[in-house]
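K.L.:
Could you put the whole structure together from the sequences, leaning on the hints where they help?
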Amino acid sequence: MKKCIICRKNRVEFSDEHVIPDSINGYYHIYTVCKPCNSKLGQNIDEPLTNHKFMEFQRYIMRIPGKKGIMPHPFDGINYFKGDEDTKVKLQQDKMGKITPYILPDIPRNSLDNSFSITLDKKDEKNMDKIINKILQRNGIPKENVSIVRNENKLIDKPIEVNLSIDTKKFKMGLLKIGYEFATENIKHYFLKDVKARTISNLLYKADFDGLDNHNLFIGNGLQKEVMIPFESLINPKEDFHYLILTSVKDLGLVCFINLFSTFFIGIHLSNKEYDIPNSMIIGINDTHEKKFKIVCPLEIVDTCYVEAPLRFVYEFNNQFEELDFYKAEKEGNINLYILNGHIPLFYKNGEIAYTNCADKLKQRQLIKNDLGNFKNYIITNHILDEELYVKILPSEKLFKVAEINIELERIKDHI
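Sequential numbering of the sequence shown, starting at 596, is according to the working numbering.
In the SDA-like style, the derived pairs of lysine to any residue whose C-alpha atoms are separated by at most 25 Å in a straight line are:
1) Lys630 x Asn620
2) Lys693 x Met657
3) Lys648 x Ser760
4) Lys598 x Ile625
5) Lys1008 x Asp898
6) Lys783 x Asn633
7) Lys635 x Ile665
8) Lys783 x Pro873
9) Lys820 x Val891
10) Lys683 x Glu756
11) Lys635 x Gly621
Restraint ranges, calculated between C-beta atoms of paired labels, are given here:
12) Lys887 x Val790: 31 to 37 Å
13) Ile963 x Val902: 23 to 29 Å
14) Lys820 x Arg907: 28 to 34 Å
15) Asn811 x Ile963: 32 to 38 Å
16) Glu869 x Met596: 30 to 36 Å
17) Leu847 x Gly661: 33 to 39 Å
Hints in this document: simulated from the structure, not taken from any laboratory.
A virtual CB, placed ideally from N, CA and C, is assigned to each residue, including glycine.
P.N.:
Written as structure tokens, this is what we have:
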């Protein structure tokens, strides 16, 4: 027997749990949630997320039906024309998801005096006689006593105002579940030994929405794209993919950053403890094109999506005139680095080779390294040299002192 990660009870039967709900094309499966909890999670936790108005919009755009095969309808409900609250209108959706306005019948309900008027959508024109007969019967008026004075067709050219009710809290429970389940699968001892993991599982088990604000669980409000800025050099997100990034943040602890359909963005504070994560982070990519979930590390993304550009040297010139002459010659294409066996060597001032390959120097751990910016299309690492070293310039074979060397990685591919 093993414990369910939600109720923490010893169980025999476990279900196929979608970490990311299947109704938003989630393909990450785990088998550590018992059947009763799986059923409750789907109804109590997943639905406020998948049926959130913003997620409905995304599902509508992407043509993702619900479990019953019905397309989400983000504009469902009674609406009104701008400036006319007497005329009710619905936005009807056909099987293909096309939306058309439909004016609801405006039929008098109270007893009538000498006349009455009704308002119908053009689609209901064929039923007008039946509707009139019902009104007459309800009011005890003989049909022969009534005549239609005027039948008027009117084109309404007004915008339709739609009032939307937006949940700002409950959907976060679904995001919390995603981050928690991702951590239980990938961080050893997290489920069994972490105090905050126990708190989170209890919130999920009880569907305790009121308790969400009491435990410092969220980074961002769920809609702030800025939460994902630190990962732009690794993830250039597709709008129809989902992304999970599990990492330890100094002085904060274990955090799972989540991007669902580029609609919801949030950080989940899973633990106050900083876990030792290989390669600093675990990245989950829910690929809706290939219909699979893949877990990768940053090095895999860098190796696949980036190529190393030529090294950039920061020179230290003897005077301003030497600097001007150097850059003028470089601009004219009259300067080339001396290459030895396919590598750029570094020299001492006396002309002796210090390193046959400058990469050997850059690997030294004592060098001060600065990230000049993890930009969206470039990763630049600046190395400050700790000894006096030179490169040889052709055709003059003159030595120039190097103070710093930059390694630049250029993105050539958006996605792994």
